[in-house]
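K.L.:
Single-letter residue listing:
Protein chains: 2
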Amino acid sequence: MGQWPVDGLPSSVVSKLTDVPKRILIGRALRSDRLGETLLPKRIALPVFASDPLSSVAYAPGEVLLVLSIAGVSAYHFSPWIAVAVVVLMFTVVASYRQNVHAYPSGGGDYEVATTNLGPKAGLTVASALLVDYVLTVAVSIASGIENLGSAIPFVVEHKVLCAVAVIVLLTLMNLRGVKESGKLFAIPTYVFVGGVFVMIAWGAFRGLVLGDTMRAPTAAFEIKAEHQGLAGFALVFLLLRAFSSGCAALTGVEAISNGVPAFRKPKSKNAATTLALMGGLAVTMFCGIIALAMTTKVRMAENPATDLIRGGHPLGSGYVQNPVISQVAEAVFGKGSFLFVVLAAATALVLFLAANTAYNGFPLLGSILAQDRYLPRQLHTRGDRLAFSNGIVLLAGAATLLTVLYGADSTRLIQLYIVGVFVSFTLSQTGMVRHWNRHLAVEKDPGKRSHMIRSRAINAFGAFFTGLVLVVVLVTKFTHGAWVALLGMCIFYATMTAIRKHYDGVAEEIAAPEEPDDDDLVRPSRVHSVVLISKIHRPTLRALAYAKLMRSDTLEALTVNVDAAETKALREEWERRGIDVPLKVLDSPYREVTRPVIEYVKSLRKESPRDAVSVIIPEYVVGHWYEHLLHNQSALRLKGRLLFTPGVMVTSVPYQLASSEAAKLRARKRQEWSAPGAVRRGPAVERPKQPSAAKD
Amino acid sequence: MGQWPVDGLPSSVVSKLTDVPKRILIGRALRSDRLGETLLPKRIALPVFASDPLSSVAYAPGEVLLVLSIAGVSAYHFSPWIAVAVVVLMFTVVASYRQNVHAYPSGGGDYEVATTNLGPKAGLTVASALLVDYVLTVAVSIASGIENLGSAIPFVVEHKVLCAVAVIVLLTLMNLRGVKESGKLFAIPTYVFVGGVFVMIAWGAFRGLVLGDTMRAPTAAFEIKAEHQGLAGFALVFLLLRAFSSGCAALTGVEAISNGVPAFRKPKSKNAATTLALMGGLAVTMFCGIIALAMTTKVRMAENPATDLIRGGHPLGSGYVQNPVISQVAEAVFGKGSFLFVVLAAATALVLFLAANTAYNGFPLLGSILAQDRYLPRQLHTRGDRLAFSNGIVLLAGAATLLTVLYGADSTRLIQLYIVGVFVSFTLSQTGMVRHWNRHLAVEKDPGKRSHMIRSRAINAFGAFFTGLVLVVVLVTKFTHGAWVALLGMCIFYATMTAIRKHYDGVAEEIAAPEEPDDDDLVRPSRVHSVVLISKIHRPTLRALAYAKLMRSDTLEALTVNVDAAETKALREEWERRGIDVPLKVLDSPYREVTRPVIEYVKSLRKESPRDAVSVIIPEYVVGHWYEHLLHNQSALRLKGRLLFTPGVMVTSVPYQLASSEAAKLRARKRQEWSAPGAVRRGPAVERPKQPSAAKD
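One line per chain: the protein sequences are A and B, in this order. With our numbering as the guide, the letters of the first sequence map in order to residues 16 to 712. With our numbering as the guide, the letters of the second sequence map in order to residues 16 to 712.
Read the hints as simulated data drawn from the structure, not as lab findings. Treat the numbers as computed from the prediction; the structure is a model and nothing was measured. Honestly, I wouldn't trust all of these hints.
Since the list gives no way to pick out one identical chain from another, each pair is judged satisfied if it fits inside one copy or across any two copies.
Derived DMTMM-like pairs (lysine to aspartate or glutamate); straight-line CA-CA distance at most 25 angstroms [what the hints assert, rightly or not]:
#, residue 1, residue 2
1, LYS551, GLU572
2, LYS622, ASP569
3, LYS564, GLU591
4, LYS655, GLU643
From just these sequences and the hints, can you work out the full model?
P.N.:
Here it is as C-alpha cells:
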C-alpha cells in the first residue's frame, strides 16, 4: 500500500546507475514551465508505482494457505476459489480506480475524493486509515522482506526483530538525510522480481506439464494437525471468508497510481489508466501462479507451525522456521541454493523494502495535505520542507518500530492489522466517486458523455459495494485477531486531527478582522515609546541604538538593569564620555534579576500612558553552533517571551552576527538545497485544486 | 561537605513546625533594608551549617577501623593515635577558617579566597574541586544514610541502590519544586543526632566505668583475617596514613560556615567564628567518643566482610551485611531494637540526608558565582533564578545517581573518591589566606593590628602546610582506590569552564566598541525600509500594520507569499476593499515555501540600497500552552531565525495575545513567585565584592 510511493538510495549509487533518469534527478530545481521533460514514461512509471502492490504477492498467497490450514490440509482445495475471489476483487478495484484517474487527473488521492464528495468527516476518516496503513506498510513489508531474505540467509531469520529494526533505521536515516531518487532504482529490482516470478511460473509449468517432473516443496512431506477437524456450514464459510480477507493483502497499494497521475507523460490519465491495468494484470497472474505452484508442489503451512505441523508423528517444535510460500515454491522449482532461487529471494526482499520506503514519502506528503486543511500543525504544509518531512518520518519510523517489536516482526500477525485501513479508504473513495458522477450527471447534457459517466458510475458503485462488503468481512473475521489495534490507531489519529482543526477554527474566529472598527481599534495606540536594552557598551548595543534612532519613534530611551553597582557606574561614565545622545535609565534589581524589573518598568509605562505602544529593542548575538547559543541570548529570549504577554508591546531584535555565525549560514544554505525523496512520482508542483470544504489561512 | 547547606520540606509540614522561623520563611520577599530581622542566631546557625560536618562522624570512624583491619585486629590499637591526628587536623582547620571568617565577613568561599589571592587558575581549581565534592556529598551521605537506616530496617539495606536512588529522586523533586526552608527543620534532627551520640557516649562510659558492665558489639566475637599479616616499616606507615586519610572524611563540610557569614546575626564574624569553634568541638568529641566505644565494645569491621570476617573458623560469606560503627556501638550500649537505638539510627539517617540536601543548594549557588565570572553560561548568574537552579539540580542529581549506581551505593567505596576535592580547596584557600595577610601586612602600620595579622598568618600557614600534607597523603594512599575518578571529574569541570570563559572572552573582544568610529560605523544605515509580513487580514496583522505605521520608517510595505493563488487573490481583493493605505507586495513561491522567498526579497532590498536597514515586522500569536505553540508561529520562528543571519536587518514581533495566553500569564506569575531553597543560610542579598580578575558584562 502507498499513496505516493517512492524510493531512494545514496546519491553516489544513483550517479552510477542513472543515465536517462539523470534529468529526473534535477527536476526539483526546475520551474513549473520546464518540468514537462521530467515526466515518467509508462515503463518507468510501472515499477515506480507498483513496487508496493506487486510486492504484496510475496506474502498474500501464504496467508491464504495459513488460514485454510486451520481446517486441515483438505481445506487447501478451496484455495483456487479464494484466488478467484481475490482476482475478481482486484479487477473491480483496478476498474474503479481507472475511473478515479480519469475523473481526478490532478492526482486527487482517496482523501481528496472522499472530502470533496462525502464531506470533511469522511475525508478525515480516510486520512486516518491511510496514516495507519502507512505505518503498517512499513511494518508488514519489512517483516516479510526479512522472512524472504531469511529463506536464503538463515542468520537474518534467527535475529528477525533485530534485522527488521535495522532495516527501519536504515530507511529512516536514508530518508532523513534526503536522497535524490531515480526511476531506474525502482525499475531494476521490480523488473527482476516480476521477471523472476514469471520465469518460476513458466519453468514450473514446463517441468510439471511437459517434462512431467514431480516437484516437491520442502514441506511437502509434513502433515497438518487441523485445529478444527471437519468444519462445515457457517464455521466453514467463516473460515473461507477469513482466508479471503488474508488474500486481500494482495490489493494493498493499488490506489498509489491514482495519486501519481501528474507524474505521468501526456496523455496523463490514459497512461495512468493503462499502467493501472498492467499492474493489475501482473499482480493477478503472479498471485494465481504462486497459488497454483504451491498446490502442485504441496506446500504445507500452518498458523502455529511449531505445534500443527507434524513430521513422522511428532510436531516440529519451536525451532522450526516456516519459510514464505514464494521461497518454498522457488526451492521446489529451481532447487534449494540455486542461483535463480537466491536471486529471487534477494529481489523479493528488495522489492518489499522498496515498498516500505514508499510509505516514507506518502506519510509526510499526506501530512502536508492535512496540514493545508489545518488538521495538522500549519507549518507542515510546505511541500518538500525538511522539517515537515523529518517530523513525519520520525513519527512513522517510531510507530513502525513499536509494532515490529510488539509483534516480533511476524508478518502473519502484522497482516491481521493491515487490510482494515486499505478497505476503509477503498470503500469511502468509491462511494465518493459515485457521488462525483451523480453531481456531474445532474448538469451534463451531452448523451455520449452521459452514457460514459453512467458506465463509470456503475463501475464505481460496484467497486464501493464490493470493497464495502470486503471491509465488513475483514472487520468481522479479523477484529479479535488484531484489526481492533488498527481501528484504535485510526481513532487516535482522527481525534487528534479533529482537536487540532477545532483549535485552529477557534483561533481563526477569535482573530477575525471586524468589518467595522470596534473597541480593539478604538484603543489603537497613537504614539510609540522605544526602549533599547543595554547591558554594556559594545558593537551590538551601539548598532541597536543606531537602528532605534532610525525608527524615529516619539520617545527613545536606553534602559539598563543594575545588577552590579560597579558595572552600572562604569556604564554611566562611558555613556557620558561617549556623549551618547539617548537618555540612560537605570533600574534597580536587588536580586540580580533582569526580566522582572524590565517587565515591571514596561508595565508602568503602559499604565502611565495607556494609549502609547512600547517598542522594546533587544540587541541579539547571532552565533554558529547550538552550544554557543546556550551561552548567549538566554536572558534576552526569556525576557522576550515574557514581554510578548504584555499587551501594547512590540519586541525588536537587532542581530549582531558574530564571526562564528558564518558556519551556521553555510549549514542553512545546505539545508535549503536538501531535496525531499519522493519527488519523482509526485510529478511537478502544481496548485492543489481548492476544496469547497477547506478554508485555509 | 557543603558550601551553602540548606534544607527543605513541603511547606505544609513547615507551617506546622514553624513558629519563630516563620519570619524567616518570608525573608526572601523583603527588601535589603528590612532583612536584619531574618538573620540566624547561633543556636539555629549551628544545626543549619553543621549538619554536613557533624553527620560525617557517622561514617568516618568506621572507615578508620576498616583500613586498619587490613593488618589484622591487632592494628586496631593504632586507632586512638589516628583519632588524635584527626583531632589535631580538625583544630587546625577550624582555627584556619576562623581567620577566613574574620577576613572575609562577606562570606567569600574558598573559590573567592583562592581567586582573589592566588589568581583565577587557582580559583577555578578550587571551583572544580568543590563541584566534584558536591556530587560526592550527595552520593556518600545518602549511601551512608541508607546503611544507617538499614541497621534498623533490613529491607532498606537489601535494596540499597534502589533506596539510595529513591532518596536522590525525592531530594531532587523537592528542590526542583522549590521549598521554603526553616532553621528549625535543621535544628530538630541535628540536635537529636548530637544529643543521641552524647547520651550514647555518656551512658557507655557510665556503664563501662561505673557499673563495670561488659558491653559487646554484635561483631565482637568475630575474628578478622588480616590481608597482610605482620605489616611493619614503610608498609605499616602507609597503612596508617591510609587509615588517617579515611578518618579525614570527618572534616568534610567544615568550610560551610565561612560561606554563610552574612546569614549570622551581628557581630557576624564573631558569631560565625564561635559557631565554627562549637562545631569543631562537637565533631571532635563525637568522633573520639565513637572510636573509644568501638574499641571498648570490640567492634570488628573489615574491608571485605564476606571473606575477611571469620566466625567459628568460617568466613561469613556474601550474605553478611556490615552495619556502620555508630549503629554497632548503639546496639552494644542501648541494646538492639531499643527505643534509643532506633531513634539514633533514624536521626543519623535524617542528618545524613540533610547533609546531602545541602549540596543541592551549594551546587547551583556556586554555579551562579561561576557564571558571574563567565566560567559558566551567563544566564545562570541570577540568584535564586529557577532555571539556573533547575539545571544545576538536574546535573548534580544525574552525576550523584551515576556514582551511586556504579558504586552500588557503597559508602566505603564512594569515600575513596571523596576527600581529594575537600583538601584541594582547603589547601588552596589557606595558601590564599597567607597571601592575603602578606598583602595587608605590607600596608598596615598599626602594631596591634600587625601582630594580630601575623598570628593569623601563622595559623593559616600552618593550616595550608598541614592540609597540603594531608592532600598529598590522600592522593598517594587513595589514588588507585578511586581518587583518580575525582581528579578526572575535576579536570572535566576545569576544562569545560576554561573553554566557556575563552569563548566569552573571544566574543567580548570581537564586539568591543571602538573608541573612534571605524568601518563598521561608516556603513551605518541612514534610512530604514519596513516590511510587514501578511498571511491574511485578521486582528494580528491589522495590529502589526498599525504599529508599523506608528514607527514612521522611511518606507513601509506589506509583504505576502503566494502559496495558493486563490487565497492570494482573495487577500488582494480584501486589501482593496478595506482601503488599507500600505502597498501590498506579493512574492511567488512555486514550492509553497515561505522562508526562502522572504529571505531572498530582503536580500535583494539590501543589494539595491546597501545603506538602508530593513525592518521586518512579524505578527505573532501568543498562546497559553506549549502544545498550542506547536500549532502556531513555527514558520514565523524559522523565518526569524534565518533573517537574523542577514546583516542590516532587524526583526520586530508584534504579539497578539489569544485568550488562552491568560493561562500562561498566570503560570509565569507563579513561577516568578517561586523561591529557591537555601535562602536562609545565604543571608540577605548583598552585592558580591568586585574581584580584580573578573571582567564581567
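K.L.:
Take the hints in turn and mark each one as holding or not.
P.N.:
The hints, checked one at a time:
no.: 1; hint: LYS551 <-> GLU572; in the structure: within (15 angstroms within a copy, 34 angstroms between copies)
no.: 2; hint: LYS622 <-> ASP569; in the structure: within (17 angstroms within a copy, 30 angstroms between copies)
no.: 3; hint: LYS564 <-> GLU591; in the structure: within (18 angstroms within a copy, 33 angstroms between copies)
no.: 4; hint: LYS655 <-> GLU643; in the structure: both (19 angstroms within a copy, 18 angstroms between copies)
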